[in-house]
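**Student:** Protein chains in written order, with this note's numbering: chain A, 876 to 1302; chain B, 35 to 405.
If you are wondering where the hints come from, they were derived from the structure by calculation, not from laboratory data. Please note: incorrect hints may appear among the correct ones.
Taking lysine to any residue pairs in the SDA-like style, the calculated list, with each CA pair at most 20 angstroms apart, reads [to be verified]:
| id | chain 1 | residue 1 | chain 2 | residue 2 |
| --- | --- | --- | --- | --- |
| 1 | B | Lys146 | A | Arg1212 |
| 2 | B | Lys196 | B | Arg213 |
| 3 | A | Lys1066 | A | Thr1036 |
| 4 | A | Lys1255 | B | Ser135 |
| 5 | A | Lys1255 | B | Phe185 |
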Amino acid sequence: MTENEKRPGAPKSRAGQNLTALIMNHYAMLHDAAKDKQFVVWASISVPTEIFKGFENVIVAIPENHAAMSAAKNAGVPLAQQAEAIGFSMDLCSYARIDLGTELGDPKASPAGGLPRPDLLVSDTNNCSLLIKWFDIYHRLWGVPHFVIDVPFCYEEQKETDREWIVGQLRELVTLVGSMTGQAFNPDKVKKALARTNEALVHWKAFLALAAHRPSPITAFDTFAHMAPFVVSRGEKQTALHYKMLLGEARARIDAGDYPVQNERYRLLWDNIAPWHQLRAMKARLAASGANLVHATYTSCIGTVEGGYAHYPYDGRDPLLYMARVQNFSVCPYGLRLRFKAMAEIIGHVGIDGVVFASNRSCKVYSIMQMDLQRLIEEKHGIPTILIDVDHADVRKYDEESVFLRIEALIERIDQNRGPGARPYRC
Amino acid sequence: MKGFDALERALGESGRPVVCCFPLYPPLELFHAMGFNPIVLWGLKPFLASTSACDKHVQTFACSVGRHLTEFLLSGDVAGVDSVFFYNACDTLRNLPEILSRNMIGAGRQAKFYHFHVPMQGLGAGVGRDYFKGEVGRLASSLEKDCHVAFSNRNFQDSVEKYRKMRGLHAVLQERVARGQLGFGRYARAVHEGHLVPVEAAIDTLQSLAREPPSNPRREGLHRVMLSGIMPPPPELSDAIERAGLVVAANDIASMHRSFRHTPRFNGDVGDYYVDFYSRHCPCPTLLFTADQRAGYLADMAKDNGVEGVIFVGEKFCEYEYLEFPHIEKIFKQNGIHVLSLEVSIDDRDNVAPLEGRIEAFAELLGSEGP
Ligand code: SF4
Ligand code: SF4
């Protein structure tokens, strides 16, 4: 347990403080810039937002980040209820409901006061297909253009023809933004932004790799929180600096022998989006029992492609080609083979005792196939797994006691695997 | 597998290898021209006793369409599935191919999997069009290689004409339904069996249905409704709709009208054919690039068919449909058309009594305003 966890309410680490400042500044900047009539793009998380750095005064808001932040700050349910009240089914993704509730209902329930109205919507089928429909609602309602980046589903290594198709679309996007803003595109600025992202990702991957240390100086919960700068401010210097700071702190924890789960006995892997409404509670309850979620597929994939573990670096050449190539970074829409590969890589690099598959009704693209993945992991790696029900942003669909009952069963199986001398575990 | 024998016989008698396709708008003509019997895995519920095989692989929050097609392919009850074809669709279906292939192989049932990618940004011009033509070409080449058959324009043209005929018969039958001469439930059943048999057998069935004498002599006082959804309502609900004095004047059902509206002309280039097929396809939430056309299309359809009310048949857990419902509902209401929204889940298909009550109330509402 870190000093912070030993003393609830103790000040955050420097990186934690920096993260808060960075995110608060980001949302304040969005509103200020929109007041200044800057060009506002709403983009989904898989859109390579460095592309907009090729223009001046184009700012980017990420509705999924806003939804995640709202859920983490207990505002998810009231915002989702606003969407449900106007006819959106409770079966829909909770990010979509939170965002639709914010924008079509009263944005005052949002911790950031909602997002400034967009001039352009850019979505990406590599997130999921649902997201296209979600953005389409704003497109129809506000008459704002909606540009869809269509990425062929990722079942294998990206084909040359698929890459060319994505590059072609990125060129069209550049043309569209250029015509809407009346500016010429500057590819050198995009190269510079990609170089900064690259630097950020080098630190990020080094930070994640520290999880191999026993005990781990990091938790998946840290990665959930600190993925935000990558999401909202890619291509910026402050993002690279943030990850450098984060890495430095984690290294210092190893030197000081100060670990988030000091008595770490169970090293777990999380598969799905972060349970935003449970970050503190779940982390604390696991830590109290010697269990640490040391990695998550959700955050480990950032900076990689197609189930690899290593960083896929920017080579400094054609920025559109690189951005097209790294469209296959996100693990969530992979096919079964690549999802398994990604998990196997993590198991090999980090050392995992058990896998928690969070079956998430909100996110079908991430969840359907987990039952087969469970079997594959158990068969090929002999690692016990569980499937728990978690909605990433709607706490109404989460039952802590039944989840921890299963986690307890997982831990018992880990103990059994270790043999008779293993200590019993209780949550 | 319940009552599948007749369909299986029809497939067996044709002597062609079977390719099972999903979702609803696959390149049927191409497979047919290459010597396959393409069938579309939709509307399988009447033929399945349970979803026990699927339940080991797919969570219950997937829609019934995805779960039933998984059951169909994994239960092992169907002999002779030689190949599977899929193209990119919703978030549920995109995850199924490898689950299916892995577990079919595990059960000793080897099937070759094919797919292509339909650009969801659109096929109008330039890169999207060229990319997609490449995808069609790649599929045709794989089929040539695997089947040891060269693609032939003449065979393709023959197949196109068969599918054109089959789709044309659907227009005729829907017209008979709209005139109150044929029960919608009966028509829907013929459509769904048609998805699962050789196109030649489907044509025979539809032709004999078109020749039948009118089944419903009542023509007066019927209120004209349109049905919209991924699947038609279960048979009991279709009957309830008609018992309540409603006639299905038009349907915007994905497995029915949306599947059959358009057959392109073949100009000698199979890539062009499918560019036309998808780019001028009936708007459907699953074809993302048709989104802007859909509301206007439905409003016109309702107007052209004198529709007084629309019944949405919501497929539980279908995000595509549910994210569009509020907008479409608003458009209809603005046009003075009443809307009833029903949700049908995998189990509700066996338990329709509460939905029947809502249909009766809806019919009374339309009745209170007069035809
Ligand atoms: S369905 Fe999943 S991938 Fe899509 S927006 Fe929701 S959480 Fe994200
Ligand atoms: S009904 Fe909806 S969710 Fe189900 S397969 Fe069709 S498009 Fe996908």
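**Student:** Each hint needs a verdict: does it hold in this structure or not?
**Tutor:** Each hint, compared with the structure:
1. B:Lys146 <-> A:Arg1212: holds (17 angstroms)
2. B:Lys196 <-> B:Arg213: violated (26 angstroms)
3. A:Lys1066 <-> A:Thr1036: violated (23 angstroms)
4. A:Lys1255 <-> B:Ser135: holds (18 angstroms)
5. A:Lys1255 <-> B:Phe185: This hinted pair is violated, its Cα atoms lying about 42 angstroms apart.
In summary, the structure is inconsistent with hints 2, 3, 5 from the numbered list given earlier, while agreeing with the others.
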